[in-house]
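S.K.: Each chain, letter by letter, is given below.
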Amino acid sequence: MNVKKGRFGDFGGQYVPETVMNAVNELDAAYEKYKNDPDFIAELKRYYRDYAGRPSMLYYAEKMSKELGGAKIYLKREDLNHTGSHKINNVLGQILLAKRMGKTRVIAETGAGQHGVATATACALFGLECQIYMGAEDIERQSLNVYRMELLGAGVTSISEGTSTLKDAINAAMRDWAENIETTFYCIGSVMGPHPYPTMVRDFQKIISEEIRSQLMEKEGRLPDCIVACIGGGSNAMGAFYDFIGDEGVRLVGAEAAGLGVESGKHAATAAKGSMGIFHGMKSLFLQNDFGQIDPVYSISAGLDYPGIGPEHAMLHQKGRAEYVPITDEEAVSAFEYLSKTEGIIPAIESAHGVAAALKIAPQMDKDQIMVVNLSGRGDKDVYSIARYRGKNIVNS
Amino acid sequence: MNRIESALAELENKGEKALVTFVTAGDPDLETTEKLVLEMFENGSDIVEIGVPFSDPVAEGKTVQEASLRSLANGTDLTKILEIVENLRRKTDKPILLVMYVNTIFRFGTEKFFGLCREKGVDGVIVPDLPFEERDEIRSYADDNGIIPISLVTPTSRRRIESIASDAQGFLCCVSSPTKCSSSSDLDSFFGEIKKSCKVPALADFGISDTEQAAKIGSYCGGIVAGSAIVEIVEKYGQDSVQKVGEFVSSLKKAVK
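Here the protein sequences come in this chain order: A and B. Be aware that the first sequence starts at 410, since it is given in my numbering, and climbs by one per residue. Be aware that the second sequence starts at 5, since it is given in my numbering, and climbs by one per residue.
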């Protein structure tokens, strides 16, 4: 069989319009050139440490562990990174690459705004023009992040098409890229899109699992039994899983957004309800109808509100190496409140989906077992919308 | 010989340029689409492209994108579109292509789709999100059924132009816009590069909106494709657009001849 670039089993590929194909190939060549370049690696490591604040802490959530009465739970504190989420790991890598490629303008899509904020931050730092695409619905529910991006000097374009969420922001970013291909670098925020993005973004995020391994070896002298992370496109989950994929004893759990329930028709639970398709540059799993029209999806979390998952996740799902569990809005909001009250940590509503999965799984595990929950982001951005969900209006008007 | 190939060969013998026109299926409804296709053929269109609506047409501009969404809201689907092709085949023997996103083929079943194309009388497909590198996704199924997968190039294809152009069947769809590629030197270098390796007619799909652009751009290549300008007329006049589209197509045909 003819093995093509960027395949993960049956998934992956480069299904993009001809207008951007050359740019995708150029990016692939540049990434291949720099990924093992000592200067590139040294510079990236320096920014990880001095600017982003890596390594992120691995924190033993003792109170939570004892209350749940099962596994010993560690929280990987990606929420403590500069800009407030794991997104900065990938953005620093891509922006250093963009600089080396001589690009002067950067575009990105964003759902919750975390990737947009990280991209705007790196563009401010490196003096690049920055344009962020965000669905109108998401702009409404993540207004804090919109203002942060503008403060950092980025332009934010509101997209009122389709479902006015992440999917539509990606469509708009792809159209911009096709129009401005010579000057513009498209900084994709997740392990999705055409090759080389799923591989490149995973490589920039795999530091999460590498750190978990070494930090846990230091603290416990052994590997974890279970890793839990939320999944939209899947970048923080892939980052948290990747180094453990070969360790069969480590259970990998992705928490996907079940919205109002997987049977409600209002969810973004791709692994539970999706089927194989080709969209946004990749063959993967998507929520779609019988004619291949992409379904409108829903989640309280703007960052998980996407009708597909990255191709490497689709492969892990197909092989049964990782399991993907649906978490409803209500379960996520309860977990958001639980972690705030129990550990004094307000997680992003995206990450709260992972916490909710942990609340279900940890009690079924033994006391001598270890679970790591990847806390992908912090929840400051979500307090307005969670308050509103609970029927409180905390915005002065 | 496929209808696309024979129509283009005939034009070449007559020393004429090709006019390819596009409509989105199901906008405002499938009955009107059928009338529009026939009217365009009547008025000088050599090949008609029927756009299969997709929820997220990332390669399209706003006009076609909105037509797609209007059509989907009307309940248009691929089965119904193949039915209108079957109806059209009783009335015309001119080449008909479907323009569609790869997921609408893949999800329907690639083998089943191309079998139905042959049965219903589709002559070719244009899949804007299936680049040269991924052509194997449909190639063998299309070949087995005598359906031509049309290749696309753009000025940004650069060094890939040669491999794409030399492999093209039917015609080569050359995509740009009058704002991106308008000067004589731009047009000369783009089509000059293409002609070095292309064995089939190179047709310009530039978002051409008037006869002046059609005449100018057409003079550099084998003919032109008109899409969004027609979809705009349909958007404006709905079911009453048929005659107006016919007049527009007729003016384009005179301009590129």
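It is possible that part of the hints are untrue.
[Unchecked claim] Output of the computed footprint for chain A on chain B, the stretches with three or more beta carbons under 8 Å from beta carbons of chain A:
#, stretch
1, 128-134
2, 160-170
3, 225-237
[Unchecked claim] Here are some chain A residues the structure puts well away from chain B; computed CB gaps all over 12 Å:
#, residue
4, Y424
5, M626
6, E672
7, V804
Read the hints as simulated data drawn from the structure, not as lab findings. All C-beta atoms, glycine included, are put in the ideal place defined by N, C-alpha and C.
S.K.: Each of the hints needs a verdict: does it hold here or not?
M.R.: Hint check results:
no.	hint	in the structure
1	128-134	holds (count 3)
2	160-170	holds (count 6)
3	225-237	violated (count 0)
4	Y424	5 Å, violated
5	M626	42 Å, holds
6	E672	22 Å, holds
7	V804	33 Å, holds
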